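Keeping their order, the protein sequence lines are chains A and B.
Under numbering that gives the first Met the number 0, think of the first position of the first sequence as 0, with each following residue one higher.
Under numbering that gives the first Met the number 0, think of the first position of the second sequence as 0, with each following residue one higher.
Hint data in this document are derived by calculation from the structure and do not stem from the laboratory.
Just so we're clear, the structure is a prediction, and the values are computed from it rather than from any experiment.
Glycine included, every Cβ here is placed at the ideal spot set by N, Cα and C.
Check before you lean on any hint, since a few could be wrong.
[Claimed, not checked] Computed Cβ-Cβ distance ranges for the label pairs, DEER-style: (1) A:Arg66 - B:Pro100: 15 to 23 Å; (2) A:Lys91 - B:Ala75: 25 to 33 Å; (3) A:Gly48 - B:Cys123: 33 to 41 Å; (4) B:Ala75 - A:Glu69: 47 to 55 Å; (5) B:Pro100 - A:Glu69: 12 to 20 Å; (6) A:Gly38 - B:Asp119: 43 to 51 Å; (7) A:Leu84 - B:Glu104: 18 to 26 Å; (8) A:Asn80 - B:Ala127: 34 to 42 Å; (9) A:Gln104 - B:Arg105: 27 to 35 Å; (10) B:Ala86 - A:Gln7: 49 to 57 Å; (11) B:Arg125 - A:Asp9: 52 to 60 Å.
[What the hints assert, rightly or not] From chain A, some residues computed to sit far from chain B (all C-beta separations above 12 Å): (12) Asp9; (13) Val10; (14) Ile13; (15) Arg34; (16) Leu70; (17) Asp103; (18) Val106.
[What the hints assert, rightly or not] Not everything, but these chain B residues come out facing chain A in the computed CB check (under 8 Å): (19) Arg36; (20) Val44; (21) Leu103; (22) Arg109.
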Amino acid sequence: MSLHVTTQGDVVIIAVDGQLIVGNRQELKQQVLDRVEAGARKVVVDFAGAGYIDSSGLGVLVSLAKRLRELGGDLRLANLNEDLLTLFELTKLDSLFRIAASRDQAVEGF
Amino acid sequence: MSASAALEFRVPSDLGRIEGIVAQVVHRCREHAFGGRQLALNVPVALTEALANAMLRGNGEDGRKEVRVRAEVSAARLVVEVEDEGAGFDLEACTVDPTTPERLEREQGRGLFLMRSLMDEVACVRGAGTIVRLTLHRR
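Please model the complete structure; the sequences and the hints are all you need to start from.
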């Protein structure tokens, strides 16, 4: 997995390329926490280039969203394909996250 | 296409080894024309969960302990066994529903649920260690 971090206004966008799984989830967690430490409160994780996500990957997203909400911000998701959407529906995490069809929609939604 | 030779792996408890094993099993399923969702979701996620469970819980993250994997794929089904060196666990008792309101925001506790949701059968049996057997019918 590789992460590509950009900003659009005050929104941090993290594009995930590859699988978000147990062996690499800490990389995403650290990237987001570093940005939060630096003051970021609005984060979009873009899955356009992502493969599959396991329970550890889902857990990290839950944990980061919780942290950001405690600070008055939010973590939102963009570009989940149909298979990933099914995963979020199966775990009912689609009710926990704002999921946008595109990166721009996610950013504009803040 | 008839069943091809089983894929077998024997690896240390190293989470970095998971993705490569999963890729080879998915590739074999693709050769047997498994469905797109099965290749993109069911097989990789459930197998990743089984391997992570074996390394982290079964083998207690002890890099000296090994995980063995045997995957048999045919036009009808995938049967993959993941064996660790642990003492075993009660699959029923350990599987919780992570979708309840009180559990939804927890970071952990979705692994067994996903494994069982994405496979047709999941069984836990005793061998030299503990074997988790995943079965998925091709469709």
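A quick look at each hint next to the structure:
1. A:Arg66 - B:Pro100: 15 to 23 Å: holds, 20 Å
2. A:Lys91 - B:Ala75: 25 to 33 Å: holds, 32 Å
3. A:Gly48 - B:Cys123: 33 to 41 Å: Roughly 35 Å apart at Cβ, these two residues keep to the hinted range, so it holds.
4. B:Ala75 - A:Glu69: 47 to 55 Å: holds, 49 Å
5. B:Pro100 - A:Glu69: 12 to 20 Å: holds, 18 Å
6. A:Gly38 - B:Asp119: 43 to 51 Å: Cβ of Gly38 (chain A) to Cβ of Asp119 (chain B): about 48 Å, so the range 43 to 51 Å holds.
7. A:Leu84 - B:Glu104: 18 to 26 Å: holds, 20 Å
8. A:Asn80 - B:Ala127: 34 to 42 Å: holds, 40 Å
9. A:Gln104 - B:Arg105: 27 to 35 Å: The hint (27 to 35 Å, Cβ to Cβ) holds, given that Gln104 (chain A) and Arg105 (chain B) are roughly 28 Å apart.
10. B:Ala86 - A:Gln7: 49 to 57 Å: holds, 51 Å
11. B:Arg125 - A:Asp9: 52 to 60 Å: holds, 55 Å
12. Asp9: holds, 25 Å
13. Val10: holds, 23 Å
14. Ile13: Holds, because the least Cβ-Cβ distance between Ile13 (chain A) and chain B comes to about 18 Å, which exceeds 12 Å.
15. Arg34: holds, 19 Å
16. Leu70: holds, 16 Å
17. Asp103: Since the minimum Cβ distance to chain B is about 25 Å, Asp103 (chain A) lies beyond 12 Å and the statement holds.
18. Val106: Answer for Val106 (chain A): holds, closest chain B Cβ roughly 24 Å.
19. Arg36: OK, holds: Arg36 (chain B) within 8 Å of chain A, min 6 Å.
20. Val44: holds, 5 Å
21. Leu103: holds, 6 Å
22. Arg109: Hint on Arg109 (chain B): holds, closest Cβ of chain A at ~4 Å, below 8 Å.
Comparing the model with each earlier hint shows no violations; every hint is respected.
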